[in-house]
Amino acid sequence: FHFLSRSQSNSLTTTRVLYKEIHNSTAHYFFRRISSLKLTKMSKKIVLKTSDGESFEIDDSIALQSETIAHLIGDDSASTSNGFPLANVTSNVLSTVIEYCKKHASVASEEELKKWDAEFVKVDDSTIFDLILAANYLNISGLLDLTCQTVADKIAACKDADEIRATFDIENDFTPEEEEELRRENQWSFQ
Amino acid sequence: HSHVSLVIAFCMGELALLYFSFEQLDSAGTSPTEATLWAVIASSVRKALSRLLLLAITSGYGIMKTNFSGITLRMLLLGVLCFVTSVSIGLALQFESISEKGMNLILLFWATVETCFLQWIFRSLWKTLKNLKVDKRNIVKLQLYKNFAIVLVAMVVLNFAWVYVEVYVYDSLSELWQVKWIIPAFWYVLAYALLVVICFFWPPTEKPTRYLYVAEMEDEVEEEEEEEEEDGAGFKLKTRETSREHGVQPLGNLYFINRGAVNVRNTGLGNFHVLTDELVVDILGLLDATSLGNLATVTKSFYIFANHEPLWRNLVLDELKGEFLFAGSWKSTYVAACHPKFQLTGAGESVLKIRDFYSDYLFQSWLCANLEMKPEWLERDNIVRVRGISVEDFIAKFEEPNKPVLLEGCLDDWPATEKWSKDYLTKVAGDVEFAAGPVEMKLENYFRYSDGVSEERPLYLFDPKFAEKVPVLDSEYDVPVYFREDLFSVLGNERPDYRWIIIGPSGSGSSFHIDPNSTSAWNAVITGSKKWVLFPPEVVPPGVHPSPDGAEVACPVSIMEWFMNFYGDTKTWKKRPIECICKAGEVMFVPNGWWHLVINLEESIAITQNYVSRRNLLNVLEFLKKPNAKELVSGTNDRENLHDKFKKAIEGVYPGTIQELEKKAEEERRAEEEKVTFWDSASDSKAGAFKFSF
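Order-wise, the sequence lines are chains H and U.
Numbering follows UniProt numbering, with no gaps: position 122 of the first sequence is 122.
Numbering follows UniProt numbering, with no gaps: position 220 of the second sequence is 220.
No lab work stands behind these hints, which were simulated from the structure alone.
Do not take every clue at face value.
[Unchecked claim] Okay, derived cross-link-like pairs now, DSS-like style, lysine-lysine, Cα gap no bigger than 27 Å in a straight line: (1) U:Lys-397 / U:Lys-419; (2) U:Lys-427 / H:Lys-159; (3) H:Lys-159 / U:Lys-571; (4) U:Lys-647 / U:Lys-374; (5) U:Lys-574 / U:Lys-397; (6) H:Lys-114 / H:Lys-154.
[Unchecked claim] A few chain H positions that, by computed beta-carbon distances, are all more than 10 Å from chain U: (7) Gly-53; (8) Asp-59; (9) Ile-132; (10) Leu-133.
Remember, it's a predicted structure, so these values are computed and weren't measured experimentally.
C-beta: ideal position from N, C-alpha, C; glycine also.
Next up, chain H with everything else stripped away, as it sits in the complex (with noise of 0.2 Å):
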């Protein structure tokens, strides 16, 4: 049932998301296309389960910034009311990506949301890591950008090992006979 409202009417979308795949023996690929959203209507609500037991609710423009999330819609609309379990996102993590998407999908100038981009990434280690997963896994491309490129620049802000070590809480498992063949092999980039 589709209801059609003069006010939201969202236009057909022909999105072509291609494909996840597990590099195993066995490879497998989904690939699913969402034409069949001949959808003109009101803005809808959707229900996501969260591996702890929580449920979100929340409007689908938010929801489909989540490929992962378009593909179920697109594949089984009917099962919309029990709401889509999601059993690789605790409720925190999937709080802060609710977070993200609402402000990704309101109305904002390119340079506001930068600036709130910035902001949004100011979080510890474990949390960064956990978005990265969380964004990989419901296939958000904005927010695996942000993360990945956070990420990437705290890496690239240290000058050496040491300093790498220390932000990101590893410990050296090199020998001292291994790190002086290192230090020769690697010494063209400690400049």
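Guided by the hints, dock chain U onto chain H, whose structure is given.
Chain U alone, transformed into the frame defined by chain H:
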């Protein structure tokens, strides 16, 4: 190793028999004929086997790709000769039934055989050493063989010295008969010492189990031998790559071989360990070279991640574009170009070998880069081959019904087939820039790259403007007579790209795609060979996901991975693909709309052209008319108007052709419909001759 065991076994047998015979002699005064006979035979077999063993080792068996088929016969012959001579000497010595002259003759013959062996052994040793020296990555192997050579030379010198001793000293020692035995015993000691040395240099190691790949870190020589014979999952690896291995193992090794071992990947990544391998590589892909270099010194895990070749490849291609001199690996290429003062050790050999790093993603990437094509992937060859048919025959049998075919003999009059080779092209166009993947690079630089590379998706030189860049190449080839009708030529200079020169190393190629603009194509191999897999237009190959409008094709796997994971499926399908190996001098015809995948089995140079003839003119016009023509049409900058332009141009040069073809198509369609209605009426369903009515 089996050979060595055989030699040892025969040694023991010989000694046992000799001792038995001596016992008898000691107690009874006469030597037993039978036992002595067997002892002599055992001793001769041992001598022959040990010389053959030396010969096999020095020829580099198991170390290098020597072709043994021709030599084996000669070796066996020499071995048999040696055996026969030795037996006769032994018998003559034991039974003293032969004259002086006869004895001298046999001894002379024996000396000749020995000399043959000796010179053959040293000649092959010399050759092996030379071959090892050429390939700069086999430093450890070279050292091993050098040591062995030193030992051999020392043995020979000792041999000759002892001969001198035996000849001149032996007789004068007749009083000291108690110690006289040492002199002939020395030969045995020498032989035994050589055997010990061989066992020491080539100790046996564990054999790998099926489906799993185990790399030995300590001794590189073992690694080589293992890989040559390894069955694994039946994968044969390119031998030259073994020395660059960091030591990544697949997770299966962790679960089944080294149970309970700690995966250095996780401990070494710190907080990063929650991320998947692909995500870590993605993050590292955002770094610049200095940070990536620093990252390599953090932990063993980051060392392996930061040396992941695709990352450095992107850095090189982004920053240096086509202006790079490939130095064995992408990392050393980058460092050599941007920091020329620091020389990385030997062409990208990694300094550290890391144990206990398990990762399927990185291992898969390395495996696909270094795999050789399995023979069963190359077996099937079910394409039609023709030679010297007429153009009308070709059109009627293959172009009209849209069937692929392999044409032989078309290139016989091309000067290119004789002249073109890497050297010739370098001479003629060495510093002309050609399009290779995302960059343009000079041909000599490209060859430098393709010589030294082993990658999952090598850079492929595919240039559409080669004839304009190097006119002499244009003059040395000709369109085969079957494909002379080329309707896009009416557009003159505004025609889309239509001809390419294709040069690539082994392993390069194109994964599944349909040629653009609905054109047909021919592909002529000038040197090298290509493996083709074709599917008809309505059959989508396994592992390929086209979008419904055909604008995008998702084939995420590389060619090698497709063969590993999906090729087996095609064997069980009813609609089998058409496969073949196209060798130098043959031309492949690819009808329009057919899916095809090509992989170069060796370094290849080829020319391909896409064309439109009257047979597929209507298809092409249909295609260009499509509403999303902007994205689908390729090879030209003016995509939207191509249809109108082309139609107008055709009307101008060949007036009335389009109407003719359309009329013919209409007639055929009507004929099809009429056929259907006739059959319909003949069958029960519509005629109503017999009906149940309830």
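Now the hints, each set against the structure:
1. Our distance criterion of 27 Å between C-alpha atoms is broken by U:Lys-397 and U:Lys-419, whose separation comes to about 33 Å.
2. Among the hinted pairs, U:Lys-427 with H:Lys-159 is inconsistent with the structure: their alpha-carbon atoms are about 46 Å apart, more than 27 Å.
3. Restraint check for H:Lys-159 and U:Lys-571: not satisfied, since their Cα atoms lie roughly 55 Å apart, outside the 27 Å limit.
4. Restraint check: the Cα-Cα separation between U:Lys-647 and U:Lys-374 comes to about 47 Å, which exceeds 27 Å; the hinted pair is violated.
5. At roughly 23 Å between alpha-carbon atoms, U:Lys-574 and U:Lys-397 fall within 27 Å of each other, so this suggested pair holds.
6. For the given pair, H:Lys-114 sits about 18 Å from H:Lys-154 by alpha-carbon distance, which is consistent with the 27 Å threshold.
7. Once the 10 Å rule is applied to beta carbons, H:Gly-53 is consistent with being away from chain U; the minimum gap is 22 Å.
8. The Cβ of H:Asp-59 lies farther than 10 Å from every Cβ of chain U, with a closest approach of about 28 Å, so its non-interface assignment holds.
9. A cut-off of 10 Å between C-beta atoms contradicts the statement that H:Ile-132 is not in contact with chain U; the least separation is 6 Å.
10. For H:Leu-133, the condition that its CB be more than 10 Å from all CB atoms of chain U is violated, with the nearest at approximately 7 Å.
Comparing the model with each earlier hint shows violations of hints 1, 2, 3, 4, 9, 10; every other hint is respected.
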